[in-house]
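**Student:** With the sequences and hints as input, model every part of the structure.
Keeping their order, the protein sequence lines are chains R and X.
Position 11 of the first sequence, counted from 1, bears residue number 11 in full-length UniProt numbering, the numbering being contiguous throughout.
Position 369 of the second sequence, counted from 1, bears residue number 369 in full-length UniProt numbering, the numbering being contiguous throughout.
The hints are simulated quantities; they were obtained by calculation from the structure and are not laboratory data.
One or more hints might be untrue.
Not the full set, but computed from the structure, chain X residues with beta-carbon under 10 Å of chain R [to be verified]:
1. Leu-32
2. Asn-36
3. Val-272
Negatives, chain R to chain X, calculated, CB over 12 Å [unchecked claim]:
4. Ser-25
5. His-205
6. Arg-250
Yeah, the Cβ is synthetic: ideal placement off N, Cα and C, and Gly gets one too.
Single-letter residue listing:
2 protein chains.
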Amino acid sequence: MNKSDLRRQVAELFIVRASGFNLDSQRLYPNLEESNSNLKRLLEEGVGGVIVLGGTVKELEIRCNILKKWSGRPLLLCADIEEGVGQRFYGGTKFVPPMGIAQIYKKDQTLAISIAEKIGYFTGKEAKKIGLNWLLAPVCDINNNPNNPVINLRAWGEEPETVKSLTSAFQRGVSRSKMLTCAKHFPGHGNSEVDSHLDLPEIHHDLSKLEKFELIPFKSLINQGVNSVMIGHLLFPKIDPIFPATLSKRVVTDLLRIKFKYDGLVVSDALVMNAITNKYSSGKAAVMAFDAGIDLIMMPKDIDEAIDSLTDAFYSGKISLERLNISRERRKKQLDLVSNEADFKKEDLNNEDIKNKFLLDASKFSNSIIKSSIFVREESTIKAEYNDINLIQIDNFDQVANKFIPALDFPKAVGFKNLIIHPLGISPWGKTNKNFLELGQFSNSKILVQLFVRGKPFIGLDYHNDHWIDTIEKLEFEQRLSGIIIYGCPYLFDKIKKTIHKNIPLAYSPSQTEEAQNQILSRILQSKTTQKEIDKESSIEFTD
Amino acid sequence: MNKSDLRRQVAELFIVRASGFNLDSQRLYPNLEESNSNLKRLLEEGVGGVIVLGGTVKELEIRCNILKKWSGRPLLLCADIEEGVGQRFYGGTKFVPPMGIAQIYKKDQTLAISIAEKIGYFTGKEAKKIGLNWLLAPVCDINNNPNNPVINLRAWGEEPETVKSLTSAFQRGVSRSKMLTCAKHFPGHGNSEVDSHLDLPEIHHDLSKLEKFELIPFKSLINQGVNSVMIGHLLFPKIDPIFPATLSKRVVTDLLRIKFKYDGLVVSDALVMNAITNKYSSGKAAVMAFDAGIDLIMMPKDIDEAIDSLTDAFYSGKISLERLNISRERRKKQLDLVSNEADFKKEDLNNEDIKNKFLLDASKFSNSIIKSSIFVREESTIKAEYNDINLIQIDNFDQVANKFIPALDFPKAVGFKNLIIHPLGISPWGKTNKNFLELGQFSNSKILVQLFVRGKPFIGLDYHNDHWIDTIEKLEFEQRLSGIIIYGCPYLFDKIKKTIHKNIPLAYSPSQTEEAQNQILSRILQSKTTQKEIDKESSIEFTD
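**Tutor:** See the structure below:
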């Protein structure tokens, strides 16, 4: 085989990142997302997969169609959709994060399992409608470390049994929708405190400990026929003291392929992450990952360098051509499972009625889960008094940009004054004592505290949160606490719940969506006007 | 004529607001934007116009097609696009605000006029490509009041001659693209300090004073054949002591129709604005506006009530049927001018190459205007020292949500620490002296100040800005000012320019876009790394 034919075959094993928006001018991260001319070239050169991020569900229909046209061959089209299509693409349905379902599991296993399966089905079906064929979910990591900055709410629980049951249910649901699935991040990312986007996390468990814990959900999904497994950027020094899992033969080949007898697709996590790029070039990382036993290479920093290096490795005989054929065969086998359905149906594009109906069903189901997953302490009612503050902590400006936000708008309607704090803003904490709020301009006001907290990658969990426990005790002591609502992280909520008295209004939702804010505030805020407004809102939003 | 036939004819004269996004779940303002089922019903009932807000250029192509299908008749499709399609729809081109072109006009009239005409042409053409047929521009108000909270940068100047020349040029450009235009806000909104979104502004000029100033650009555009004129929500007590212009026979009929002999379309500003709703019901306002001489009623709060009331006014003979026919005829006449081209061309939908090429040309032209419109003081170079702060004031979270922002990312790359302040955040100002920054945690740092300031509706100009003059003097005196960059408002920039010494790095751009930030910071920030990064960015963003 000549080198350029070989290169085309090798390119099939790479997944490139693209914006879900259609135009170059729309890219949110122009330094990470390939331009259209580059994408077109790469797909024409045989690149076999695209991971899309950002955009709207309508844009993505058009986008996927164009990407397929550029490729001209069966193409893997995937996205990091773990909590509903709306998590990544505006207009899709956002579901309660997996950890919220795990909390329902504690009270009602059968209900939680049926919810997880239905979420899988709706998510798969919705993703399929917009042109994708591969869902990079479920997360199979067990979040037994509350300080995990990157898994956290994304995990289906904190115990092996819960995660096993719920991920299995989710996977069954997605499979019914005829979409490919992916168990990640092998062999388990739940017990790490380092964000692998920033550096390489280490987990000091040996194999027997892993088998009794982290590996249980993976094993179960593998037995159930999960279509792919993603390897995490994690160092397990007791298994492989030198290489992170992504580049480790001991993890990928010895453990996953041989011991677990897994013959599906194995894909790397994004090679562009610091955990890899801090140490290895794109070419080196691609060759090492493939050599370790991985089939598909996700998002190398420099995709041309990575393809060239892997091509050279086959051409020079460093890696056998047989391995190339096996990986290509595995890819083809999975694609065949979904390719009949994956074809873009033109007539669907304008059939808004069918789509609206489906999205309405999904959204109704999503709202019903929110209802099951929120906690509002009995007789929690909040009334604004003169000069009261609605203090909101966000970890992402997107949460408040340019739209109707119940967490801001409802308290404002009953007389609260909004105050937003965020990780890039002026610190609200006292100079001498970090546990006390220093809000000079509102020194005697009562405060309604609303905290939006997730274990957000790139920011970490620790922003401000540790100060809140003492701060809330102090506000309570000074009789200045109107109430507290937490959206997201269950750990902070648990701590606060234990701390404050029973007469303080308290609420929690694992979901941060407007609907979750709506449901909580409509129960807590004492005002007939607001209740009417809220009713009007919900009827506008959900009855048509 | 029976009442239901009459109602259908009356409905033609109404313009309803819709989200530019396709799905109900995507609406940014569900309380202001009709649901799809309501929109469909209203269009089937004969409503003759839709104003769209929000969405992406790709979504809008689909959206306009569906709206036309629901209507089944020639439909007016308009948007408040004054500074390029990108101002309202993500992915379109954003141009330098009109006031920026007016500044170029001071130095080079011929250049400014040719730019204004070209902006009109590009904007019209781009809007047409996505399915619209009516541009609610140009703003013909003369911004002779720097405290105007709602016109400001939207105006094409501060003097009659400038505004007249530039709006005429813009209008010619739009007309070449075969789109309808609209001169607004008659008889002139430039000299008001009250935001008409919040309350009714009063302007105490008599007619002879208006004719020597405010009315000059309108007269010129009317002579040039502008397709429509929008009436503002403004009270001119010396012309009509009782009614705001929108509802005033003296303004609309006596002045515009009779004195100015204008026989084109006359449209109201949005009746949903507080200036109207504070005093009049939707039905009452619609009847009064039409009776005053207006043809098209924009965005009444309750559209069904408004249509019913106006229908009753004709049915009871309170307003003559002849007026109805005249207004319908005027609407038809304008629509006929653009309806041949307005048909949605299906084959265009997927012809990405043509669209990308057009958008690339528009974007290159936009970047070249930014280059002409920015000011960077000679030898302004900024270098970060340990602990230096990049202090950014925004007036809109959308400016920093979820994307690559040169104003944040470039200074960070050379060592600055980002700090963002905003109107809903903790005040940065001292408790006792409002003119001094109180940033406890950064008490000895040097500060690079970047201010994003527009006369933003709903917020007003006064947020923080008055404090900046003294603050900057103080920072300079303490040798803590690394530099200052203003994006937007020229008035604040003029004041600061007069205040600070020549050795302080200083820059200004009327445009707030990423490209404007990029162009300024790449000239000011002293770092080879950054320069390289910037070059890479710009080449990625603009060369393909």
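**Student:** Are the hints correct? Go through all of them and say.
**Tutor:** These are the hints, each one checked on the structure:
{"no.": "1", "hint": "Leu-32", "verdict": "9 Å, holds"}
{"no.": "2", "hint": "Asn-36", "verdict": "6 Å, holds"}
{"no.": "3", "hint": "Val-272", "verdict": "15 Å, violated"}
{"no.": "4", "hint": "Ser-25", "verdict": "6 Å, violated"}
{"no.": "5", "hint": "His-205", "verdict": "36 Å, holds"}
{"no.": "6", "hint": "Arg-250", "verdict": "38 Å, holds"}
Going through the hint list in order, the structure does not satisfy hints 3 and 4.
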